[in-house]
Amino acid sequence: MTGKAARNIFIGGTLVSALIFLWMTYDFHRQEPRLAKTEMIDEHVVAGKKVWHKYNCNDCHTILGFGGYYAPDMTKAYFRLGESNIASIVMHPETVYRNSFRKMPHLGVSETEVKDLTAFLRWVGNIENRKWPPQDEKYVKAFRLREVSAQKLEKVDIVMGACGGCHSFENQGRNIAGDFSAIAARITYDKETLAKFILDPQSVHPGIGMPPQQVSRETAELIADFILSLKVGKEVRK
Amino acid sequence: MIRYESQRVAYPYMALSLILFCLQVVMGLWLAINYGFTLSQGLVDTFSFATARPIHTNLLVAWLLLGFMGGAYFILPLECERELYSTKIAWIQFGLFVGAAVVAVIGFLFGWTQGKPLLEIPVPLDFVIVVAALLFVANVAITIIKAKVRSALQWMLLGGVTFLAVLYLFGIPFYRDLNADYYYWWWVIHLWVEGAWEVVTASIVAFIIMEVTGVERKVVEKWLYAETGLFLFTGIIGTGHHYYWLGAPDYWLWWGGIFSALEPLPIALMVIDTWMHVRERKNPIINPLIWTYIVGLAIYHFVGAGVWGFIHTLPQINYYTHGSQVTVSHGHMAFFGAYVLLNLTIYYFAFPRFRNIRKYNDRLGKWGFWTMSISMFFLSLVFGVAGILQTYLERLLDIGYSTAHLNMMFWFRIALGIGIVFLGGVVITVWHLFTLKPVEEGAAE
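Protein sequence lines correspond, in order, to chains P and X. Going by this note's numbering, the first residue of the first sequence is number 140, and it counts up by one from there. Going by this note's numbering, the first residue of the second sequence is number 425, and it counts up by one from there.
Heads up, none of these hints are tricks.
Partner residues aside, some chain X positions facing chain P, computed with beta carbon under 7 Å:
1. Asp-469
2. Thr-537
3. His-746
4. Ile-823
5. Ser-826
Estimated spans, in silico, between C-beta atoms of each pair:
6. Val-526/X x Ile-150/P: 39 to 47 Å
7. Ser-368/P x Val-845/X: 52 to 60 Å
8. Thr-164/P x Asn-780/X: 46 to 54 Å
9. Val-526/X x Glu-357/P: 56 to 64 Å
10. Asp-329/P x Asp-822/X: 27 to 35 Å
11. Val-526/X x Arg-325/P: 48 to 56 Å
Only pairs whose alpha carbons sit at most 20 Å apart, straight line, appear in this in silico SDA-like list of lysine to any residue:
12. Lys-176/P x Arg-600/X
13. Lys-280/P x Tyr-744/X
14. Lys-270/P x Tyr-743/X
15. Lys-270/P x Ala-604/X
16. Lys-193/P x Ala-604/X
17. Lys-193/P x Gly-535/X
18. Lys-280/P x Leu-821/X
19. Lys-572/X x Leu-582/X
20. Lys-189/P x Arg-600/X
21. Lys-189/P x Pro-548/X
22. Lys-193/P x Pro-597/X
23. Lys-143/P x Glu-640/X
24. Lys-254/P x Asp-181/P
25. Lys-280/P x Tyr-825/X
26. Lys-189/P x Phe-598/X
27. Lys-176/P x Tyr-675/X
28. Lys-277/P x Leu-821/X
29. Lys-642/X x Ile-148/P
30. Lys-189/P x Gly-535/X
31. Lys-143/P x Val-155/P
32. Lys-193/P x Ile-596/X
33. Lys-277/P x Val-287/P
34. Lys-512/X x Val-552/X
35. Lys-189/P x Phe-594/X
36. Lys-572/X x Tyr-428/X
37. Lys-277/P x Thr-827/X
38. Lys-270/P x Gly-681/X
39. Lys-270/P x Pro-739/X
40. Lys-280/P x Ile-823/X
These are computed hints drawn from the structure, not numbers from a lab. Note that CB positions come from ideal geometry on N, CA and C, so glycine has one too.
Kindly generate the complete structure, drawing on both the sequences and the hints.
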């Protein structure tokens, strides 16, 4: 190989790669409206993105898998946690993670900012990104099916899909607010009260930390059934 | 042994960068503590992980860039056979760059941030950095244009630093769309480390190899063309391995997968050519340590950036490892192998010359090299174990973030221990560089 041939390899290789890359960048923008659902981006989403930047969330949390690996990925957080849970966590992390091995700083995020942040996370969750992250796909599925028909779901799926962001059951979900087996052993509510509690905890147990859950009446009853069934199981075993 | 007086302007760049290197590693230890232990709410509220991490990463970028700029200023007069165009510009640029970096770090402590990982520096400071970069590129360009001798290496260096400066601009704007935001974020991050930085450092290494081994310029430049050509050919489209899961068209899986699988090739070529040049050396070995660094750099670069990158670059694997500690493992090994060792190679080339020492006592330097190299290898392995554990528990067994991270805590305590050893190696190396002592030539034989 001569020096001149080497130089031509350099120039040719670089140009070919750069041109293909630029063409694909053009195509990325052409397909962006479909993949990123850009029609969903309104002023709240943009304001929410600014909140996301303002509090530097991305240096602990990943989003689309990028950022700090210190805290859970936020790409599908909207489906995993839902609106009011996101609000409680962001506004009162010191209470929610009181007993957790890992803490989140109290950032002083305002109520409007949380609303915008949620709008942003809702939009991010809808980006067509080939079902990543794998561990959150169950929440997305459960969320979507819950919207259509709750009866079609496996009980465990529905419960963990709705509650797994804070409650655990047999090694699934995150145990911040208690494991369902322990809760079932403890509570004295009947189905009616439990469903009411899920939809609006304050109305049954004033002062409790759990935020109201955005699920349908039907889903709330299914979850109540599930928890109460654990109770029976325990008593029978005794 | 400084041949041109203006080379001395490189010294403040290099000296300061070594201090920042030490601070960066200290901050890394703090991050390991964050992972390995449960901290109190009060501590998290005042100095959170999100504040400490950007200090760790921005210090890294700052000291590496200072090293590249210092290195470029040191070799340019030799390569151009004339003084730098202006040492005054070099000083102003140094002041701006350092000023921006200091204000940025203090700003982070008070929550002043752009909020983008690795590019946290707020926009007003970005502009200060842009001005500093423009001064640097202009100074390099004018020095080369005014030179009487022409070489491929000059142009490669100029092209590399210009490319580097231009790419930085893509990280500055606010993007409404998160996936477009990250699309261009990688133009800075990926095209820096697997594009512009490779070109700049390949040029500097080529020069040092030429000077140290005495191998003919013709041969070295031919290899330089082939390597940088392959770096850019594979690296530019290879950016696609970051586009798998951000909401980009499907063909990126193919293009990103195939081109990034080819990315280790130029580095392998680099190992081969370094080895050949070392074997066919025309010069005697005066200071064995710099030869150790040259060979160590090539091998570590290949392992850290090439092999460790290849391991999780294919989409089928990356689906599980993306955004996990596996990336941390690769990041540490690659930055150390490709760029930390490169900067230290430059310093071991330049520092003896600043002090007019032909042969120095290298006992401490050897300890430093081996302590750092071995402990960084194990550190990356430990991050890798944590990453595989995380991937397996959280994504394959699907038993949740808490379980995965609770199991990883143990490994981060080990990482902390290894990190302390690494810091020891860094301190020894920095100390050695600052206190180089000549040896009597006769006595040393």
